[in-house]
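Chain order of the listed sequences is W and V. Following this note's numbering, the numbering of the first sequence begins with 33 at its first residue and continues without gaps. Following this note's numbering, the numbering of the second sequence begins with 1055 at its first residue and continues without gaps.
Source of the hints: derived by calculation from the structure; they are not laboratory data. Ideal Cβ positions, reconstructed from N, Cα and C, are used throughout, including at glycine. The hints are all genuine.
Just the calculated beta-carbon pair ranges, DEER-fashion: (1) V:1143 <-> W:216: 44 to 50 angstroms; (2) W:60 <-> V:1243: 36 to 42 angstroms; (3) V:1311 <-> W:151: 46 to 52 angstroms; (4) V:1154 <-> W:216: 34 to 40 angstroms; (5) V:1176 <-> W:164: 40 to 46 angstroms; (6) V:1243 <-> W:71: 32 to 38 angstroms; (7) W:47 <-> V:1181: 45 to 51 angstroms; (8) W:268 <-> V:1166: 52 to 58 angstroms.
These stretches of chain V come out as covered by chain W in the derived footprint (C-beta under 8 angstroms, 3 or more residues): (9) 1213 to 1224; (10) 1242 to 1253.
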Amino acid sequence: MATLQIQGLRKSFGATEVLRRIDLSLADGEMLVIVGASGCGKSTLLRLVAGLETPTGGRVLIGGRDVTALDPAARDIAMVFQNYALYPHMSVFDNMAYGLRIRGLARADIARRVEAAAALLGLEGLLGRKPRQLSGGQRQRVAMGRAIVREPKLFLFDEPLSNLDAKLRVQMRAEIRRLQRRLGVTSLYVTHDQVEAMTLGDRLLILHEGRPAQLATPLDVFERPADTYVAGFVGSPTMNFLPGRLARDGDAVALDAGPLVALPHPCAGDRVILGIRPEHLTLGGTDLTLTVDLFEPLGSETLIHGRVAGTPVVVKAAGVVAPAETVMVGVQPAHCHLFDAASGRRVESTGDMESTGNGTGNGTGNGTGIGA
Amino acid sequence: MRARPDYLAHAVLCLGVALFALPVWLVFAGSTQDSNAIMRGELSLVPDLSNLGVYARVLAHGSMGTQPVWHMLMISLGMALGVACGKIAISVLSAYAVVFFRFPCRHAAFWLIFITLMLPVEVRIMPTYAVMADFRLINTFTGLWLPLIASATATLLFRQVFTAIPDELVEAARMDGAGPLRFLRDIALPVSAANIAALFVILFVLGWNQYLWPLLVATNPDLDTIVIGIVKMIGVETETDWAAVMATAVLALLPPVVVVVAMQHWFVAGLTEGEK
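Take these sequences, add in the hints, and give me the full structure.
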């Protein structure tokens, strides 16, 4: 149990800069989820913390101790791999015990720790089996157990659920969260799945092309995305973006598609992008006329895919909607997000700066983007 | 699946079995018959079981003044084991170095090993003999197997095997604190056990069948391998005890068969149960 600090961490492979200046600070027991599209550098960041890669610049501190130059084994961390990386020729017990044996623990100690972890994970009856005799979910548990028995200062998860089927993933997700809370071990969790990120993390770090796009609590990220990338990444279906221009002294947006959308608070700027989530568009309004491409009835709700003056727009409507050629939708002004058209960054309304969230209480969790 | 047996397939299979088994059967049948009958070309396919004593005779005394067959079998066994184990040990280590370590000229090292494929014992026999002579290993047991243990083929094979070990497994072992030698012993070797078993079989048979090198390097009859022994037994044609030669040939066949059968269980199990 310890804090984790990452200071100015950079990594280049040859001429390619994979990570550009990452600064991070995790409180004791905090779970930070690193999320981003593939190739954004999230796995590299995890591997740098693990010591499996050597950073081009910057430092990693675990519990205040600089571990940048240390071997993975000397960092007192444990990692859960995407493919579990269980030793195929060893039994479940040996898989979990291997690291402890290398560290020279007494036989009785090893047995006690492995049995405790097995009990925690519901693996008691499987200790004698080989990995190939286990199901995907059981292998995943063994990989977790191997991490737990080491009683590390830091857990690293590298997309641990992406090889499981959807149902099991939801179940293991909750299990990982419970376990992490219960053990109180500081954790870094890498995923490309935004639902996993939202549900697991105390805070999220969204990486975009090696840069931190936003570091904030899940709700903050959802409610106050720092730029169009984050806004488009978080939430499903993805947010609609409508280009326009600020009008009426910043009180409204004149969309390129025609209509004028009033803003709840005045904003400053010129060319902007109005972001609105599909669930915040209401049928029967008067703001936009949607030319419908496709109706997707999902039972409890219906997704309506269409276009507004050439721009694709998705509407999420409750219940079942009768198909039609065009539908009129209204924009809920309170749920509009405004981004600068040139930089893509969030435009804060001039009179609305008080509600920056900080969910985790260590001061770094505000809703604005960092780095860049 | 059809219920009707496929007669054509079975016919082809039976023909194949006959092609392989008939010569062996002929040798066995011949070993139990009168040498003069064989000389006259009257080899019967029915073994004369009352003459099985020829096996005990060659095992204990040899024939035409050779060493006893059991002695030559031991020399051959030692040589084949030395060649197989030596080749595996050397090629595992060199493949391990080439795959898991980043050192200067890594690829050059690998290709150097690779081109020795073109230099089998027969090609380098003179220089190898000279080197053995310098080390005073002519007419020694060590001289029989030592020069044969470098193997580019086995190195190549282990390189492929080690390359197939997932990176994450290597990293998991690093996180667990396993150093290079521990990783080799605890993970790389057990994971490749099936391949090692398969290769051992091939190399054992290869070592067992060596003829030219033992003939050159060991002139001392005490070091005659079974293959050399059979050749020596044939000697002058009219005086050859053909029954003894054939009995020796049958005995010479047995150890490789035992190794193949024993290891077959191992590597077939390894190949089918393996998780790749």
